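Protein chains: 2
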Amino acid sequence: MSYNLAPLQNLIDQFERMQGIGHKTAQRMAFYVLGLSDEEANNFAKAITDAHTKIKQCSVCCNLADSELCHICQSTARDKSVICVVEDPRDVAAIERTHEYNGTYHVLHGAISPMDNIGPDQIKIKELMARLNDDTVEEVIMATNPTVEGEATAMYISRLLKPLGITVSRLAYGVPVGADLEYADEVTLSRALEGRSLI
Amino acid sequence: MSYNLAPLQNLIDQFERMQGIGHKTAQRMAFYVLGLSDEEANNFAKAITDAHTKIKQCSVCCNLADSELCHICQSTARDKSVICVVEDPRDVAAIERTHEYNGTYHVLHGAISPMDNIGPDQIKIKELMARLNDDTVEEVIMATNPTVEGEATAMYISRLLKPLGITVSRLAYGVPVGADLEYADEVTLSRALEGRSLI
Chain V
1 MSYNLAPLQN LIDQFERMQG IGHKTAQRMA FYVLGLSDEE ANNFAKAITD
51 AHTKIKQCSV CCNLADSELC HICQSTARDK SVICVVEDPR DVAAIERTHE
101 YNGTYHVLHG AISPMDNIGP DQIKIKELMA RLNDDTVEEV IMATNPTVEG
151 EATAMYISRL LKPLGITVSR LAYGVPVGAD LEYADEVTLS RALEGRSLI
Chain W
1 MSYNLAPLQN LIDQFERMQG IGHKTAQRMA FYVLGLSDEE ANNFAKAITD
51 AHTKIKQCSV CCNLADSELC HICQSTARDK SVICVVEDPR DVAAIERTHE
101 YNGTYHVLHG AISPMDNIGP DQIKIKELMA RLNDDTVEEV IMATNPTVEG
151 EATAMYISRL LKPLGITVSR LAYGVPVGAD LEYADEVTLS RALEGRSLI
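Top to bottom, those sequences are chains V and W. Quick note: our numbering has the first sequence finishing at residue 199, numbered continuously throughout. Quick note: our numbering has the second sequence finishing at residue 199, numbered continuously throughout.
Isolated chain V, as found in the complex (with noise of 0.2 Å):
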């Protein structure tokens, strides 16, 4: 459908784009800016190219910073021996949301995956063993998403970090807390049963 309106088009596009985003939400969303005061639509334009151009990498941990440095990188209360390892910025969130980890981390920005050309020289591997040359760290954690990709690169990652003598753990497999059994998949619930613990 075509309003006859290139700017309004255009802005129809530009949300179609997202992922997720299909043409009915992408126009109402097109309306919903036509329907703001001017104010408030510059103010959604301008927050566009701020979190664009203000928001870099963290030099050391590769996750999202707005300075040279993240602020977990930042922090002196964060114990610097333990680096977990995450393909994306938000798995850093989901984790920090838990309250129980205290050491450091180290962003991926994504996971081996040859299907789509992604190689260890396409993620941030470089960076992180250039994090473990002074002796500092101890144990790194993989938690990489628990999926083929995330799995190769865990695997991938533990095989270069066993000659430096550092410690490579993975995040346990279980059922998750709260759901119910039966509607646990089979590969779950034996990870599950391979990983049972004494109580």
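Don't take every hint at face value.
The list makes no distinction among identical chains, and a pair is therefore deemed to hold if it is satisfied within one copy or across any two copies.
[Unchecked claim] The list that follows gives simulated cross-link-like pairs (lysine to aspartate or glutamate, DMTMM-like), each with its CA atoms no further than 25 Å apart:
#1 24 with 91
#2 54 with 182
#3 54 with 38
#4 24 with 13
#5 124 with 134
#6 126 with 194
#7 24 with 68
#8 126 with 66
#9 80 with 134
#10 46 with 16
#11 24 with 185
#12 46 with 66
#13 162 with 134
#14 80 with 38
#15 54 with 127
#16 24 with 66
#17 46 with 13
#18 80 with 66
#19 162 with 79
#20 24 with 40
#21 126 with 100
#22 126 with 88
#23 54 with 40
#24 54 with 87
It should be emphasised that the hints constitute simulated quantities derived from the structure, not laboratory data. These numbers were taken from a predicted model, which means no experiment stands behind them.
Mind docking chain W on chain V? Use the hints.
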């Protein structure tokens, strides 16, 4: 969840303010923006301000327009003796898609709804009445949504128009009652146009 990054949080908030966009979707959209190239992000921001500043209301029919008159009011091919009254610019686009209607439109930008404090003065009824002064208009088709508010608005306007000797018709109940005109399919809409009845 907070990322401790004001520009990112601000962008997420901006997306979340839109109707129908939850926190997770807003987050995904913000990360989409972070992943854009500089040029793409600027284009996105520009699309928002452009759409907002360039798109106005047509001075005749109150449809969206990027100049004084919308493309329908500008057209000499359209039959100026018929006005189709709709609630929303999206309804114009929906009826245009049928390719069955050659008259002009009038966009009310809402419907009478005492529950929401929207009376006849809050929608573009005055502007509609102003168009009826010079005797060119012979018929007004009420194509407000088939909802309580849309019906009430159609009744209200038809009572204003009857004394002026103008034929007032209503879309036939080919449109499913209770649904939104914007989502009606083309065939249903054409049938509704064909079978319009006097009120």
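Each hint tested on the structure:
1. Taking the shortest Cα distances, residue 24 and residue 91 sit within 25 Å of each other only across copies (13 Å), while inside one copy they are farther apart (30 Å).
2. In this homomeric assembly, residue 54 and residue 182 come within 25 Å of each other (Cα to Cα) only inside a single copy, at 24 Å, whereas the closest approach across copies is 39 Å.
3. In this assembly of identical chains, the alpha carbons of residue 54 and residue 38 lie at most 25 Å apart whether taken from the same copy (23 Å) or from different copies (11 Å).
4. Taking the closest pair of Cα atoms, residue 24 and residue 13 come within 25 Å of each other both inside a single copy (11 Å) and across two copies (21 Å).
5. When the C-alpha separation of residue 124 and residue 134 is checked against a cutoff of 25 Å, the pair qualifies only within one copy, where the shortest distance is 18 Å, while the shortest distance between copies is 72 Å.
6. When the C-alpha separation of residue 126 and residue 194 is checked against a cutoff of 25 Å, the pair qualifies neither within a copy, at 28 Å, nor between copies, at 68 Å.
7. Neither within a single protomer nor between protomers do residue 24 and residue 68 lie at most 25 Å apart by alpha-carbon distance, with minima of 40 Å and 27 Å respectively.
8. When the C-alpha separation of residue 126 and residue 66 is checked against a cutoff of 25 Å, the pair qualifies only within one copy, where the shortest distance is 22 Å, while the shortest distance between copies is 52 Å.
9. Taking identical chains as interchangeable, the C-alpha atoms of residue 80 and residue 134 lie at most 25 Å apart only when both belong to the same chain, with a minimum of 11 Å there against 81 Å between chains.
10. Taking the closest pair of Cα atoms, residue 46 and residue 16 come within 25 Å of each other both inside a single copy (20 Å) and across two copies (16 Å).
11. Taking the shortest Cα distances, residue 24 and residue 185 sit within 25 Å of each other only across copies (14 Å), while inside one copy they are farther apart (31 Å).
12. Taking the shortest Cα distances, residue 46 and residue 66 sit within 25 Å of each other both inside one copy (16 Å) and across copies (23 Å).
13. Taking the closest pair of Cα atoms, residue 162 and residue 134 come within 25 Å of each other only inside a single copy of the chain (16 Å); across copies the shortest separation is 88 Å, beyond that limit.
14. Within a single copy, residue 80 and residue 38 get their C-alpha atoms no closer than 47 Å, and across copies no closer than 34 Å, so neither meets the 25 Å cut-off.
15. Taking CA atoms no more than 25 Å apart as the test, residue 54 paired with residue 127 passes inside one copy only; the shortest distance there is 22 Å, against 46 Å between copies.
16. Proximity of residue 24 and residue 66 under a CA criterion of 25 Å is satisfied inter-copy only: 22 Å between copies versus 34 Å inside one chain copy.
17. For the identical chains of this complex, residue 46 and residue 13 are neighbours both inside a copy (19 Å) and across copies (13 Å), given an alpha-carbon limit of 25 Å.
18. Proximity of residue 80 to residue 66 under the C-alpha cut-off of 25 Å is restricted to the intra-copy arrangement: shortest distance 21 Å within a copy versus 57 Å between copies.
19. For the identical chains of this complex, residue 162 and residue 79 are intra-copy neighbours only, at 21 Å inside a copy versus 80 Å across copies, given an alpha-carbon limit of 25 Å.
20. Within a single copy, residue 24 and residue 40 get their C-alpha atoms as close as 23 Å, and across copies as close as 22 Å, so both meet the 25 Å cut-off.
21. Proximity of residue 126 and residue 100 under a CA criterion of 25 Å is satisfied in neither setting, with 27 Å inside one chain copy and 63 Å between copies.
22. Taking identical chains as interchangeable, the C-alpha atoms of residue 126 and residue 88 lie at most 25 Å apart only when both belong to the same chain, with a minimum of 16 Å there against 55 Å between chains.
23. Taking identical chains as interchangeable, the C-alpha atoms of residue 54 and residue 40 lie at most 25 Å apart whether they share a chain (20 Å) or sit on different chains (15 Å).
24. In the homo-oligomer, the alpha carbons of residue 54 and residue 87 lie at most 25 Å apart inside one protomer (22 Å), although the nearest pairing across protomers, at 41 Å, exceeds that limit.
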